[in-house]
Every structure is written in C-alpha cells, then in structure tokens.
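Below, each chain spelled out in residue letters.
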Amino acid sequence: KQEVTQIPAALSVPEGENLVLNCSFTDSAIYNLQWFRQDPGKGLTSLLLIQSSQREQTSGRLNASLDKSSGRSTLYIAASQPGDSATYLCAVDGNKLVFGAGTILRVKS
Amino acid sequence: GAVVSQHPSWVICKSGTSVKIECRSLDFQATTMFWYRQFPKQSLMLMATSNEGSKATYEQGVEKDKFLINHASLTLSTLTVTSAHPEDSSFYICSAREARANTGELFFGEGSRLTVL
Numbered sequence: 001k002q003e004v005t006q007i008p009a010a011l012s013v014p015e016g017e018n019l020v021l022n023c024s025f026t027d028s029a030i031y032n033l034q035w036f037r038q039d040p041g042k043g044l045t046s047l048l049l050i051q052s053s054q055r056e057q058t059s060g061r062l063n064a065s066l067d068k069s070s071g072r073s074t075l076y077i078a079a080s081q082p083g084d085s086a087t088y089l090c091a092v093d094g095n096k097l098v099f100g101a102g103t104i105l106r107v108k109s
Numbered sequence: 110g111a112v113v114s115q116h117p118s119w120v121i122c123k124s125g126t127s128v129k130i131e132c133r134s135l136d137f138q139a140t141t142m143f144w145y146r147q148f149p150k151q152s153l154m155l156m157a158t159s160n161e162g163s164k165a166t167y168e169q170g171v172e173k174d175k176f177l178i179n180h181a182s183l184t185l186s187t188l189t190v191t192s193a194h195p196e197d198s199s200f201y202i203c204s205a206r207e208a209r210a211n212t213g214e215l216f217f218g219e220g221s222r223l224t225v226l
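Protein chains in written order, with my numbering: chain B, 1 to 109; chain S, 110 to 226.
Rather than coming from a laboratory, the hints here were simulated on the basis of the structure. Among the hints, a few may not be true.
[As the list claims (entries may be wrong)] Calculated Cβ distances over 10 angstroms to all of chain B for the following chain S residues:
hint : residue
1    : 179
2    : 215
3    : 216
[What the hints assert, rightly or not] Some chain B residues judged to face chain S by a derived CB distance under 8 angstroms, without partners named:
hint : residue
4    : 34
5    : 46
6    : 49
7    : 79
8    : 89
9    : 94
10   : 97
Backbone N, C-alpha and C fix where the C-beta goes; we use that ideal spot for every residue, glycine too.
Model the full assembly from the supplied sequences, consistent with the hints where possible.
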C-alpha cells in the first residue's frame, strides 16, 4: 500500500525566503508525481507534474525534483511571496492517486 | 489547463435526504473520474474511481450503496449521497484524467461542501 509523507507539516517564513517542501513515498512503482496547491475551502490547483522518467520540472519560481529510486520529491519555491501562502499537497500516481497530508505554508509580509 | 467544474459548490440539507453532486470536464473527454473526500485539516481520501459506461470501483470502507456514482458520459460523473447524515458532512472533490492525453495529469474541480443538519 502506497504511503505518502510530507515534511514539514507547517512552515512559516518571511517574505523573500527560498524554501523547500519535502515529500516521500514508499512504493517507487509510480507513473508520475504531482504537486498541488490548495487554498482554504477551495479545490486543488495543479502546480507541477513530474513523469516517472523525469528528474525535475520547473514553472516560474517553482521547481520540483523526483528521485524515484529513493522515493523522494522536493518542491522548491524561490523568493517566496505572501500570495504563496496555502497548503501544498504532494500526490503519487500508481494505479490511483495517493495524497500526502500536506504542508501548510505561511509567508509573512 | 483543462477545466473541471463541480456543482453545487456548497449545499446544506436535512438529515435523511439525498444530495447529488455533479462533476463535469468542460473542455476534454474523461473516461475516468475520481471522487475524493476531505475532512477539515486533513488530506484527500480517494472514495471511488468512476469509469464511463461501467460500474464505479470503490475504495475499501466506502459504502457503494451510500455513495452512488454514475458516469453516464465522457464529460459527466455524478456522486449521490443517499440518506445523508451529519457524519457525511465533508468537502467532496472530483478529478478527471483526459482520455487522449498521455501525461496522466489529473485536473480537479473546485469541490463541493456538504453540510448535513
């Protein structure tokens, strides 16, 4: 059974800091891994999708890496802004999508 | 990116009534849609996989007679919570995978918040 763990559970940083969110998974037999953002009371916004054959993906200030053999992914956010405050979810896609518990990020202005 | 729409976005109902939630892929065809449930401050838990033209596949512990899923077309899946009770109050989110795409990317609806009184 796939298990996905996200560390830290919560993070509070001053504006402008670079930060790293971590995701680990137990079963490396995956098709892809996705990072999502969820604002309070809202649905999910897809941030980055990394195929199992890829090592990383970049979009603007976001960079996600994947090390399938070790079961790890990181989401790097550069020059954080207050608007980045949200819950960030990592999800691993084998036959079905399994989510981590999320990291609650607060960027202080 | 592709758009998935859910309706209603929120609903309040009395205990014992049934509530239907719709999930539509607006600009793509989805042979498979997924229904998730999210309790406050918790992550998403997969309830069932909805397959167009066939029966849904339910996760362990999810009552299929309680949560009826219908995927009648390539753009619409519905979740009906039958005889709802207060413990069914939750945030329900659907997602869809584009039939023709090979990326495997899932697109999510905005969610439907159900409150059962």
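We went through each hint and held it up to the structure:
no.	hint	in the structure
1	179	19 angstroms, holds
2	215	6 angstroms, violated
3	216	7 angstroms, violated
4	34	7 angstroms, holds
5	46	7 angstroms, holds
6	49	5 angstroms, holds
7	79	24 angstroms, violated
8	89	7 angstroms, holds
9	94	11 angstroms, violated
10	97	6 angstroms, holds
Hints 2, 3, 7 and 9 from the earlier list are contradicted by this structure; the remaining hints agree with it.
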